[in-house]
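S.K.: Sequence:
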Amino acid sequence: RIINRLNDLRPKQLMILAGIAAALMFVAIYVGFSMMTGKEVVVNPVEPPPQEEKVIETKAVVVAKVNIPARTRIQESMLQIKELPVEMVPEGVITNFDDVKDVQVKVSIFAGDVLTVQKVFADKSEEGFVGAIPADCRAVSINVNEITSVAGFAKPGDKVDLLLVEKSNYSATTNVLLQNVPLLSVNQDMSGANIVDESGGTTSAIHNPTIATFALPPEDVLKLISASKLGEIYMMLRPANPRATYVAEMEYTIDSINKPQPVREPEPTPAIPANPVSDAPLPQIPAVPMVPVTPKFDIIQGDELTQSSAETAQVQSFVSNSSNSALPAIPSRSANPEFAAPPVPSTPLSGSPIMSQIGH
1 RIINRLNDLR PKQLMILAGI AAALMFVAIY VGFSMMTGKE VVVNPVEPPP QEEKVIETKA
61 VVVAKVNIPA RTRIQESMLQ IKELPVEMVP EGVITNFDDV KDVQVKVSIF AGDVLTVQKV
121 FADKSEEGFV GAIPADCRAV SINVNEITSV AGFAKPGDKV DLLLVEKSNY SATTNVLLQN
181 VPLLSVNQDM SGANIVDESG GTTSAIHNPT IATFALPPED VLKLISASKL GEIYMMLRPA
241 NPRATYVAEM EYTIDSINKP QPVREPEPTP AIPANPVSDA PLPQIPAVPM VPVTPKFDII
301 QGDELTQSSA ETAQVQSFVS NSSNSALPAI PSRSANPEFA APPVPSTPLS GSPIMSQIGH
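When the letters of the sequence shown are read in order and numbered with the working numbering, they come out as residues 1 to 360.
Since the hints were made in silico from the structure, they are not lab data. Some clues are possibly wrong.
[To be verified] EDC-like cross-link-like pairs, simulated, lysine to aspartate or glutamate; straight-line CA separation at most 16 Å:
#	residue 1	residue 2
1	Lys65	Glu76
2	Lys59	Glu83
3	Lys65	Glu83
4	Lys59	Glu91
5	Lys167	Glu232
6	Lys119	Asp99
7	Lys101	Glu76
8	Lys223	Asp161
9	Lys119	Glu91
10	Lys167	Glu251
11	Lys59	Asp113
12	Lys65	Asp113
13	Lys82	Glu57
14	Lys167	Asp255
15	Lys54	Glu87
16	Lys119	Asp102
17	Lys229	Glu166
18	Lys223	Glu166
19	Lys82	Asp113
20	Lys59	Glu87
[Claimed, not checked] Now the in silico label distances, taken between C-beta atoms and shown as ranges:
#	residue 1	residue 2	range
21	Glu146	Asn67	26 to 32 Å
22	Asp98	Ile56	23 to 29 Å
23	Tyr246	Gly157	18 to 24 Å
24	Ile56	Ala240	41 to 47 Å
25	Tyr252	Lys82	57 to 63 Å
26	Ile211	Ile56	53 to 59 Å
27	Ile147	Ser168	17 to 23 Å
28	Ala240	Pro90	25 to 31 Å
29	Tyr246	Ser171	26 to 32 Å
30	Ile147	Gln118	36 to 42 Å
31	Leu230	Gln118	45 to 51 Å
32	Tyr252	Asp99	48 to 54 Å
33	Pro90	Asn67	17 to 23 Å
Glycine included, each C-beta is placed from N, C-alpha and C at the ideal position.
Based on the sequences and whatever the hints tell you, model everything.
M.R.: Following this line, the structure appears as structure tokens:
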């Protein structure tokens, strides 16, 4: 029955019942313990023994009040003094404002960071202007302005390309003069640090750049100085990680629209050369031997017409009883006049065979 009744009780009732049972058990134990000792037991609270206050040793250090970007000049308004336990003070800590005033920080420092020598100062090899010049280079300066110096964004330590712009009356030519040139300083400022104002904003310390100093090998120094006398030098700021260190040499020329066009002269008419008088002897033409032309004669014999030379032509009589006297030869029309026979007399020969035949 007791178990069944306990099962019927609610959880709250069970808790009350358990508390009563615990109190009764405590009273029973207390009474039994008192009876065994015969003395009244008094329970007093135990107080811990007093401890001596430990003195924590601290040290004053310089802490950044605002975020300080890398390559920024430190101003006193950017810092504060803070006490830190000695065991929490890092090595090389800065403890005085004057030690870091107007010094360029090497790395970025966040608000609350403790300033150390490693964060603030660069390596000794990088300190000073002479230490910034490579061993195989020389420092050379040229005149620049806000336009030619990339509006002042080019800072010491950056790499730039140098362009030469040559201008004439009606054209301008630009070519890449030097590439990947280290910029040492601008306006006698080799740090390029930023100035942080009281509000935490940063501004460039380089205003109105007028002089830029580069580190170049001696042969490139001569090239740059000579080019600066021919035209204007422009700087091209290179990215931190360019795709290529050097690019192919380029040149671009543009002509003004006002450039006068050249007048084309008419092409001269080629002159017919006269027969040149040459002192060279004329070519010798071999002599052709003169062959005397034998005159030809037409001989009419009845119905036949034959030709014969003057040497062999004989006039034969048509009649056996005719006279043996030779008729005068009739020269051929194609014969040479020089060798022509004498003309035929106008008076006909009465006894010639030809006349006799004509009479018949």
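S.K.: For each hint, tell me whether it holds in the structure or not.
M.R.: Consistency of the hints with the structure:
| no. | hint | verdict |
| --- | --- | --- |
| 1 | Lys65 to Glu76 | holds (10 Å) |
| 2 | Lys59 to Glu83 | holds (5 Å) |
| 3 | Lys65 to Glu83 | holds (14 Å) |
| 4 | Lys59 to Glu91 | holds (12 Å) |
| 5 | Lys167 to Glu232 | holds (9 Å) |
| 6 | Lys119 to Asp99 | holds (13 Å) |
| 7 | Lys101 to Glu76 | holds (6 Å) |
| 8 | Lys223 to Asp161 | holds (14 Å) |
| 9 | Lys119 to Glu91 | holds (11 Å) |
| 10 | Lys167 to Glu251 | holds (13 Å) |
| 11 | Lys59 to Asp113 | holds (15 Å) |
| 12 | Lys65 to Asp113 | holds (8 Å) |
| 13 | Lys82 to Glu57 | holds (13 Å) |
| 14 | Lys167 to Asp255 | holds (10 Å) |
| 15 | Lys54 to Glu87 | holds (15 Å) |
| 16 | Lys119 to Asp102 | holds (14 Å) |
| 17 | Lys229 to Glu166 | holds (10 Å) |
| 18 | Lys223 to Glu166 | holds (15 Å) |
| 19 | Lys82 to Asp113 | holds (11 Å) |
| 20 | Lys59 to Glu87 | holds (9 Å) |
| 21 | Glu146 to Asn67: 26 to 32 Å | holds (28 Å) |
| 22 | Asp98 to Ile56: 23 to 29 Å | holds (27 Å) |
| 23 | Tyr246 to Gly157: 18 to 24 Å | holds (20 Å) |
| 24 | Ile56 to Ala240: 41 to 47 Å | holds (46 Å) |
| 25 | Tyr252 to Lys82: 57 to 63 Å | holds (58 Å) |
| 26 | Ile211 to Ile56: 53 to 59 Å | holds (54 Å) |
| 27 | Ile147 to Ser168: 17 to 23 Å | holds (20 Å) |
| 28 | Ala240 to Pro90: 25 to 31 Å | holds (30 Å) |
| 29 | Tyr246 to Ser171: 26 to 32 Å | holds (27 Å) |
| 30 | Ile147 to Gln118: 36 to 42 Å | holds (39 Å) |
| 31 | Leu230 to Gln118: 45 to 51 Å | holds (47 Å) |
| 32 | Tyr252 to Asp99: 48 to 54 Å | holds (52 Å) |
| 33 | Pro90 to Asn67: 17 to 23 Å | holds (19 Å) |
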